[in-house]
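Each chain is listed here by its residues.
Number of protein chains: 2
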Amino acid sequence: MDVSARNPSLREILATNLRKLRNERRWSQEDLAAEVGLHRTYVGSVERAERNISVDNIERLGVALGVEPWQLLRRAQGS
Amino acid sequence: MDVSARNPSLREILATNLRKLRNERRWSQEDLAAEVGLHRTYVGSVERAERNISVDNIERLGVALGVEPWQLLRRAQGS
Numbered sequence: 001m002d003v004s005a006r007n008p009s010l011r012e013i014l015a016t017n018l019r020k021l022r023n024e025r026r027w028s029q030e031d032l033a034a035e036v037g038l039h040r041t042y043v044g045s046v047e048r049a050e051r052n053i054s055v056d057n058i059e060r061l062g063v064a065l066g067v068e069p070w071q072l073l074r075r076a077q078g079s
Numbered sequence: 101m102d103v104s105a106r107n108p109s110l111r112e113i114l115a116t117n118l119r120k121l122r123n124e125r126r127w128s129q130e131d132l133a134a135e136v137g138l139h140r141t142y143v144g145s146v147e148r149a150e151r152n153i154s155v156d157n158i159e160r161l162g163v164a165l166g167v168e169p170w171q172l173l174r175r176a177q178g179s
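Residue numbers (the numbering used here), protein chains in the order written: chain A, 1 to 79; chain B, 101 to 179.
Please keep in mind that the hints were generated in silico from the structure rather than gathered at the bench.
All of these numbers come straight from a predicted model, not from anything done at the bench.
Every residue gets a Cβ at the ideal spot worked out from N, C-alpha and C, and that includes glycine.
Any given hint could be a false lead.
Chain B stretches covered by chain A per the calculated footprint, using a threshold of three residues with CB under 8 angstroms from any CB of chain A [said to hold, decoys possible]: (1) 122 to 128; (2) 134 to 143; (3) 163 to 170.
For the chain A half of the interface with chain B, some residues (derived, Cβ under 7 angstroms), not all of them [unchecked claim]: (4) R11; (5) L21; (6) R74.
Far from chain A by the CB rule (all over 10 angstroms, computed), these chain B residues [said to hold, decoys possible]: (7) T116; (8) R119; (9) D131; (10) R174; (11) Q177.
Pulled out of the complex, with its shape left as it was, chain A reads as follows (with noise of 0.2 angstroms):
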């Protein structure tokens, strides 16, 4: 089922965020990886919303893309 066709549930909205936001530092997962201080497989699954992660590893993401920590769990307007 196409994601867009519903609600996407908060993981996924993370995983599509975080993606985005991944590519477009030209990070491989992992380079984002390497940043937070994670393993690559670990960012994998949550770009593939397979982790239910916790909000000490949401605040490491935010930080080391450098956006505030709630903007990853923001649906993007549009999408």
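Let chain A serve as the given structure and place chain B on it in line with the hints.
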């Protein structure tokens, strides 16, 4: 140390917002816990910034309180 004197952690921002929204609704921790399907002591620990809550439970809290989940993680202006 006064939290307002430094940058609060994301846990602390969530704790402050959660308590504020719950009090505005005149809900006890037990009321909110029942809405969300969590235990009262869990809600208490989140409001004391003791718990590394997951994204799925942040989503549940937002739904119960009628706000977008990202709003729970955004620092209130002037606070």
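*Would you list, in rising numerical order, the hints stated earlier that this structure does not obey?*
Hints 1, 2, 5, 10 contradicted; others consistent.
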